[in-house]
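Sequence lines, in order, name chains A and B.
Residues in the first sequence are numbered from 1 upward in steps of one, following our numbering.
Residues in the second sequence are numbered from 1001 upward in steps of one, following our numbering.
No wet-lab data here; the hints were simulated from the structure.
One or more of the hints may lead you astray.
Using C-beta positions, here's what the derived DEER-type ranges look like [claimed, not checked]:
| no. | chain 1 | residue 1 | chain 2 | residue 2 | range |
| --- | --- | --- | --- | --- | --- |
| 1 | B | Gly1376 | A | Gly113 | 33 to 41 Å |
| 2 | A | Arg42 | B | Asn1073 | 47 to 55 Å |
| 3 | B | Tyr1081 | A | Arg42 | 58 to 66 Å |
| 4 | A | Gly217 | B | Gln1493 | 33 to 41 Å |
| 5 | B | Tyr1056 | A | Gly113 | 33 to 41 Å |
| 6 | A | Phe216 | B | Asp1103 | 40 to 48 Å |
Computed list of chain B residues with no C-beta within reach of chain A, every gap over 10 Å [claimed, not checked]:
| no. | residue |
| --- | --- |
| 7 | Thr1086 |
| 8 | Asp1103 |
| 9 | Asn1254 |
| 10 | Ala1275 |
| 11 | Thr1315 |
| 12 | Ser1383 |
| 13 | Thr1418 |
Note that beta-carbon positions come from the ideal geometry of N, C-alpha and C, so glycine has one too.
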Amino acid sequence: MKRAHQTRCEQGFSLIEMMIAAVIFILLCSAAFALLSLAQQRYQTESQVLNSFQEARFGLDEMVRDVNGSAYPSQNMFSFNPNVPAKNLYAITPVAWDPGYLSSSPCLIGTGGGGTCTTPGDFDLIVERDVDYWHTDGVEWTRYRLQGNILSRSQTYKVVSADPETTTALSFVPYVQNVMNNVSSAQIAAFQAVYPNMFPGGNPVPVFNYFCYTPFGTQQCASAGSYNSPLNITDVEITLIVMAPTKDAQTGQVRLIELHGRGHSLNPIQ
Amino acid sequence: MKKDRKTHRSSEDGIALLIAIFVLLLISVVAIALLVSSGTETALGVNYRTSSTVYYAAIAGLEEARGRLLPKNPNYFGASYISPTTTFPLGQTIYVINRGSGDNIVPWDSSNTYYDNEYQTEFGTAASSASWQSVNSVWDNNIQGIPGPMFKWVRINAATEQSLFLQVNASGSYNNSTPIFYDPAHINTSGNPWPSLIVNMSPPSSAVQALEITALAALPNGTQKILQYLVAPVSVNLTFPAALILDGYSDVFNSPDHSAWVVQGSSDGGDGACAPSGPVPYPVHAVGVPDNPDVGNVMSGIPSSPNESVNFTGTGSTPSIARVTLATSLQTVQGLNQIAQTIIQNADAVIAGPATEADLPSAMSSANPMTVAVQGDFSLGTSIPAGYGLLLVTGNFTYASGSNWNGIVLVIGKGTMTTSENGAGGTFNGATLIAQTLDSSGNLLPGPHPGPATFNDTLSGSVGRGFVYNCGWIQRAQAPLTYKILSFHEIRQ
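Kindly generate the complete structure, drawing on both the sequences and the hints.
Set out below in structure tokens:
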């Protein structure tokens, strides 16, 4: 009895059975871990793309709203009779410009290096408006500028005798990273291999595209003739091409996202 | 042996349990990490979505109120609430209420969820202290059958320097007792035109009241946003120093050889709106031109045998054809084009030419005069009794001798007006202006002055009655085109 009991208790698998079971287990584990690894890679890539998308979307939305509220309060909200308000208390333009701001000589807006404005430009925008109207500190300049791959933001008070370009250049902080609108031809070619419809003509894509008032309706400023002036800007079309920080873990290719927005100044310079 | 075996079995049991617990823990950690990660992403997405939703919902509220201020809007608030021609008093408010399911919106009640704190901030007194009226939104309780924008209320009120927190007069203090007006004819300290807001207890006749429109949007999760417009009614606001104006140089004029055809600068007896002291100039000349040589051009186009010039009556001696001083905006190609563009942008109907009277809006009537812009040639025939309102034609304007128009006719563009024989006795009641601002290719003339205006009506059989100045129709044709946005900004909360 004792022996029989012992045999039942110690009855086990043979070595062959164990090895087969082990092999099956290892195969199943390998498959599971391979899937897990794939899912992990995909998750990492997609979450980075998502992060870039979120960051760009926030940035774009803020810029659109800044343009919507630009030129507040316009100079025509003040009667200029019998008293003339200080120049920093009102916006003379929806978009400040350089050169010529201090001498009230508007420059010509161009694209792809054309025009005489350094700002507003394809990658540079200074919005003029009173952000905190409930304070008596006057109008602010909010500037967005793409340098390299970083879109930076700067905000300063409008100073009567100061140039908006130099004043705002002192306080930039990074705003949206990995912005690829203005990269080298080689990089554009590499991007186009993956995204053939981006970068039309193989050229950098302006972040800011300006539309001016004309008596015949709103037109792109660069082709608005005598109405090409920062003073006449009514709309700013914003395009952001953002790259995820790392390449796609599976394909090894870059991941780009292109976002569009359009701000319309609701404060007319009458 | 027995003891050893027992000990061994007990140890194996513990390992299995530990492994199971460990695996469970591992899975739990991964699951929680995934949940936390997706939760953060969701929160970010929701924040963005709610922020955008309230912003655009508030704009929807502002736009509804702005549109409903216009008398021609089918959902106009009504003259008993507010009118473009009367000053809206300070201390009064109109609330547009937009209830969602289960909402109780009483913005003037301090105990209400959607109480209007902003009024207190702007005027220093509680919203309940204002004399308020309320109207339902067109979206109220999803009347339209589909979910509308989620603004809760929109307030309309007269603005002051204090409510705007803006020193319009730059006087050093914020006036809270004088309503703000917008004066397109304002002059600055340098004597230059400076269309702007003004603070004046007795505003000039050119000024119109600036109204504040404030909208609150709120989402179920508590996200709120307040946006504000400042708006003022805009109309073309033209005055006509003659019943028929040829606004050009080296004008061409030919009138019918018929005694029934007249041009009258003194209104018909039936036009009670005309009075020498009224808001519309009266009486005026029959035909007006901007310079003296064109007086001669017009005179030479009037048949002299028999002498039809006696049919040109109005200010001064007969024939009442004179050089007149036009408003600055009517003197240049740029100014005229600006007027045309303003009309085109705000017209009730914009029609592509060539067009005929059949293309005019069917809702146009004596009780509902409309602003119609025809971009191209237009032919006014006799298949409708009459047109009513303001008609802009940028191409050639041809009218049948039996056709009628009550209101203002502006032929700004090609600047030619000719006739065709079809019936008799048709009349232009109101005022007509012809100006050439475009060349034959449709390009704007270099200016500054417009080119020659052309009027050709050489019928001698069935002729029209001609042009009769009419103050009432001039006023009715110039109802506000829109409420212009003077400013827009977000309100701090």
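Hint numbers contradicted by this structure | none
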